[in-house]
Each structure stands twice: as C-alpha cells, then as structure tokens.
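**Q** One-letter residues, chain by chain:
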Amino acid sequence: MIRTGARRAIYVTMVMAHKDLLDFWKAKMLVVSFTLFPIVMMIIFGYMFPSITSTNPYAGKFPSQYGRLPIGIVDEDGSRISEGIADQFAQLSSTTGLFSVRSFASLEVAKDKMTEGKLKGVLVIPQGFSGALSSNRQATLILIADDTNPQLASSIIGQVSSLIRIISEGVAASRISDIAAGADPEALLEPISLEREPFVKGSATTFQFLAPGFMALTVTMGTLSGLAASISREREQGTLDGIMSSPVPRYAVIASKLLAQTARGMLQSFIILAISMLFFGVRVYGNPLLMVLTMFLAVLSFSGIGIIITSIAGEQETAMTSLMLITMPMTFLSNVVFPIEQLPWFLQAIGKSLPLYYSADALRKIIVLNAQMHHIAPDLIVLVLYSLATLSAAIPIFVRSVSR
Amino acid sequence: MGLAIEAFGLTKRFGSFTAVDHVDLSVKEGEIFGLLGPNGAGKSTLVRMLTTLMRPTEGTAKVGGYDIVNQADEVRKIIGLVAEKLILYPRLNAVENLMFFGRLYGMGGEELRRKVDELIEMVRLERFKHFPIGGYSSGMRQRLNVVRALLHDPKILFLDEPTAMLDPQSIRFIRDLIKDLRKGGRTIILTTHIMDEAEELSDRVAIIDHGRILVVDTPEGLKARFGVSNLLEVFLELTGRDLRDRAENRVPIRAIGRV
Ligand SMILES: Nc1ncnc2c1ncn2[C@@H]1O[C@H](COP(=O)(O)OP(=O)(O)OP(=O)(O)O)[C@@H](O)[C@H]1O
Ligand SMILES: [Mg+2]
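As they're listed, the protein sequences go chains C and V. Counting the first sequence from 1 gives a position; my numbering is that position plus 860. Counting the second sequence from 1 gives a position; my numbering is that position plus 190.
Here chain C stands alone, though its shape is the one from the complex:
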C-alpha cells in the first residue's frame, strides 16, 4: 500500500514535470532566449577576464587583467645595441601577451599619441645608452606611463620592470661568462630562486575559477526564478486548481516543479561549461556524476527559500522581485564572480551563510582539482542540511498558501 503510494507519487511527479518541460518546449522563442542567455553571458565574461593560453612559456607569470596594452618605444640612442634591446622588448611583450609595441621616431610624436589615448606608455632608450652599456656602467631606460589612470599606470610600470629585468639578466649573464668562463651565471645572479609549482593541473586561468561558479549560480538562479514563475503562473492562470483538485500528493506538485526547473537550469549550466571548454581553455578534471549531484544539491538547498517566497508572495511579479532581493547579493557575495577574500568580514559572513558559496566551492573543486567525494563532503553536508531545513519549512507553507 505504502509502496504503491510512493510509486504513484513518483509517477505523477514525472507526469507533471514532463508537462512543464513540454510547455516550455512549445514556447520556441523562450527556448531560444533561454539557450542564448548563458552563451552571451559567457562570451562577455570571457572577454572581460582574458586568460593566457597554456602553450605560452610565460603562462601565469605575467597575469594581466588588461590584455595587450599599446606601448610606444623611442630609440634615441640609435645604435646596434639599442636596436637589439628594443627588439628584445617587443619580442617579450608579444610572447607574454602584455603589450603591443610600436616604435616612434621621436618622444614628441609618442607623447602626442599618449594624449590622444592611443598609447598607454612610452619606453625611451636615451642617448648614451649603448655607451654606458659597453663601458660596463649602469645604463638607464626611461618609462613614461599614462598616469591619468594611476591603477593602469602602476600595473604598466610593474610589468615593464619585469620585462626589463629579464633583458637585463640576459646581459648580465653574458658578461659573467665573459669574466668567469665556466661559472653558472644563473647561480651568481640569483643564488636563491623561487619556483612556482602549479597546484591546479594545466594552466590556472581566471576561467577555471569563474566557470564552476557561474554554473552553480546559473543552475540555482535559473531554477529559483523558474520555480517562482511557474508556480505563480499556474496559480494565476487557474491551472493549479486543476492539479490541486485531483488526487495528487501536494509534495509531488513541488517535486515536479523542482525537477522540471532543475532540468532547465542544468541545461544552461552545461552550456556554460561547454563554452568555457571550447573557447576559454577550461578543462574538467573531475567526475561528471559528482558535478550533477552537486548541482542538484545546489538547487535543492535554495528551492525551499524560493518556494516560501513564492507562496507568501502569491503572485508572479511580487515573487520575482522578492527573489531578486536574495539572488542579487548572492551573486556577488558567494565567491562566484569575485573572490570572497576581497570582501569585508561581515559580507564574508553573509556570503558564507548562503548555500551558493558551498555549491560553487564544491563544483570548483570537482572541476579543477578532481576532488573526490571525501574532499567535498563538508560542502555537500552543508547543502543537504540547508535543503532539509528549508524544504521541510517550505512544503507546509506551500500547501497552506494554495488552500487559503
């Protein structure tokens, strides 16, 4: 009796979820927009946070948030040596992807271009540069950065210095081997060196951080707003009365909505993953099943809150607007777009009390670090507890709201 009851509940849940998906599928423009949304979002974010490709030998060494900045070079020295240095600088700029370098005949012309905003900095090789270098004195280069944007300028200064250091070390090394044949110039120049070993396999791009976060965000936000819209729409148009006056368990009604909306949310999430993999070099190292499980828990952990808000709101616009009050801060506080460490302590506390923080964290560990069940168990336990607590409150509230 109980078994047949449970089987019937599962069956009608499937029937209702199928109806919701069929209803969705019939609205062609909705389906198209729904599919395009994650694609457009990922492409915009992809180019907002450019990442260095892993074939580059300098990958990860020179993280740039700006992409190739236009830099001018002016060779006032005009010697073979200065020409060589200018070439080397241009070469390094292009392999690291930091700057696009153009040479200018005079500083005046270059400064004009800076004023026009077409250059962000000028590197000057002053007269007497090669003379100093060949007589073993310290030679000096001059950098003029566009400090109308101080943040950009300081980043340019830092990056140009590191490139010049590489060139300078090359010069030093050749001198050392001239003076002391057989000695290791590296060891003399840099007796102690620090090498970075990657924790993350492959290259750690911003996208390895962003993509899992966006997946968790999309699946929860999509499901949440879908749930609210779908329940309130059925209530407003009156079809909910048809369901509620038929012998289906009330919790099956909620379960079916959850199932249908989660399926939609997951579709968007996997589009995000596919775009990230195809265009932005994201690789999945973990178990896809664990990913699906985590996303399901991500949805479940938030659905209770969504159902409570929808039930209390009673009508679509109120429900959607109230939900945004939660989803908007959630987007920024849950370590999805911005690292949570950037936030003041109280915002961090709020962020860490939202389930999205845990689902994004778990998903990131699975995708990037190939985390196994035991690595992410704490995250998943938080999600399960959240789901149980909120859903057990939500179901009676929903039932009461539809029989008011």
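With a straight-line cut-off of 30 Å between C-alpha atoms, the simulated DSSO-like cross-links for lysine-lysine are:
| id | chain 1 | residue 1 | chain 2 | residue 2 |
| --- | --- | --- | --- | --- |
| 1 | V | K275 | C | K888 |
| 2 | C | K886 | V | K305 |
| 3 | V | K319 | C | K888 |
| 4 | V | K319 | C | K886 |
Beyond 10 Å from chain V on every Cβ pair, some chain C residues (computed):
| id | residue |
| --- | --- |
| 5 | G957 |
| 6 | V961 |
| 7 | P986 |
| 8 | L1012 |
| 9 | I1026 |
| 10 | E1046 |
| 11 | A1047 |
| 12 | N1147 |
| 13 | M1184 |
| 14 | S1213 |
| 15 | A1237 |
What the simulated footprint calls covered on chain V by chain C, stretch by stretch (three residues with Cβ under 8 Å from a Cβ of chain C suffice, anywhere in the stretch; the number is not a length):
| id | stretch |
| --- | --- |
| 16 | 242-252 |
| 17 | 268-276 |
| 18 | 280-289 |
Just so you know, the hints here were simulated from the structure itself, not pulled from any lab data. From the three backbone atoms N, C-alpha and C, an ideal C-beta is built for every residue, glycine too.
Knowing the structure of chain C, use the given hints to seat chain V with the ligands on it.
**A** Frame of chain C, contents of chain V with the ligands only:
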C-alpha cells in the same frame, strides 16, 4: 436516494470578512443543483471548499460521503471541477492537455487515448485537437474545459459559471451538454447568476447572498412561493435591487458577517 453533498455550518473568512457564513446544505445524488447569487455572494468560495481547494475556517462537509478535510484525497477521486478560470495550458494542444490531466487520475495507455478522443469528439474539436488551445475561440476553449473535468467519469461535477461570456450558440451547446452529463446518475452543482440557465437546468436551486443561503427549493416551488412568473423576480426580491460592489454596500455586508 442518498446525499451527494452535505454541509454543516460551512464557513470561510478572509481576515475579518466572512465570504461563506455557516452554510448548511444537502444535495441529493443525481440531481442538478443550482447555486444562485449575485457577484461576491460566496458561490465560488463555497465550491472551492467543497472541491478541497480551500480549507473551511469553520464547519465541515461531506462530498460523496467523504470528509472534505480529512478525506480530501477520496473526495478528489470522485469530483470533477469546471472552475471560473480555464484549467487548460494555452501552449499545449487539446490532446496534450487532456492526456496530462488524465494521467493525474492514474489513467494511461489505450484507455486514456480512447477517452481523450471520445471527449474531444463530444465537443466537436476533432479538427483542432492538435492546435495549441491558446489559439482557440472562447467557446472552443470552454467546451474543452468542460470535458477536461470528465476524464475520470466523476460522480459529482462542479460547474462554476460554465457559460459566462459565451455566445448564444456556445451557451446552448454547453447547456445541452450539461443535461446529457446527468445521465447515469451524476450529481451536478452549477453556479450561475443567469436565471434562465438555473431554471432550465436545475432540479433545485439555492439562492445565496452575503455568504448565506436564503432559500432552497425547486424553481417551480420558489415561483409559487413568491407568486411570480419567473425566477429573476424571486432573485431580486430576495437579494435586493442595489448594485453589489458599491462602497456603501460593503459596510453593512461586513457588519452582517460579524453578527
Ligand atoms: N482569497 C480571497 N481573499 C480575500 N477575499 C476573498 C478571496 N476569495 C474571495 N474573496 C471575497 O469573498 C467574497 C465572495 O467571493 P466569491 O468569489 O465566492 O463570490 P461569487 O459568489 O463566486 O461571485 P461571482 O459571481 O462574482 O463569481 C467576495 O467578496 C470576495 O471578494
Ligand atoms: Mg464566482
């Protein structure tokens, strides 16, 4: 003959406003029972309670012998509902709509398929059965909406203003359909404020106002009692000639509700 519906002191309050006020009611098996009342009288609220969509604030009722609160699922198996709003999904076609609701009643396979075809034929929508019902005319939609409630052959059928806003042809069609539906001993509760409709279809009518039942009788009995030739006169005699939704009328309504 037994009773299809019995209500004892059935009451529904929204905050301090009483929409249905201690209603006692018995509807016999196999009869068409008309619920008449002006706008806001509480007809729909009464129907919503009897169809388990709303919990009564006070009182209780039995539908088909089952308690509407404690045995709601048993009630749901034997009732059919045509509500004020359409219970149909606009993007789905007629077949998809009916198949969906049929499955909710545990029907399936060939049995459901045949039933769906039969119902669609009954309301002459065969030619349109694969079109989304959002594109139907109101008459077509309402015809489908009525047969949607018949999928599981309910013993007791609730029709809440089934002919509202239809053209004369559609009204005629639906009324004839209702007469047909009583065959086989089905009980029908019909709410309306169209007097001809109540008179034409109902075995007995209840006139309800301010949430209270004022009289229950056969249309003939009522006319005889008030010495008038049509039900409309009885109705206006009992419920007054003033407009319902005028602000000055609301105050006494609430006051009566609190007594
Ligand atoms: N959910 C609700 N919350 C608050 N008041 C309600 C609610 N539902 C109905 N009412 C009020 O209860 C009263 C009775 O409404 P009901 O819909 O039952 O009337 P009705 O007889 O069906 O009227 P109509 O002929 O217009 O359909 C109305 O005054 C209505 O405003
Ligand atoms: Mg009504």
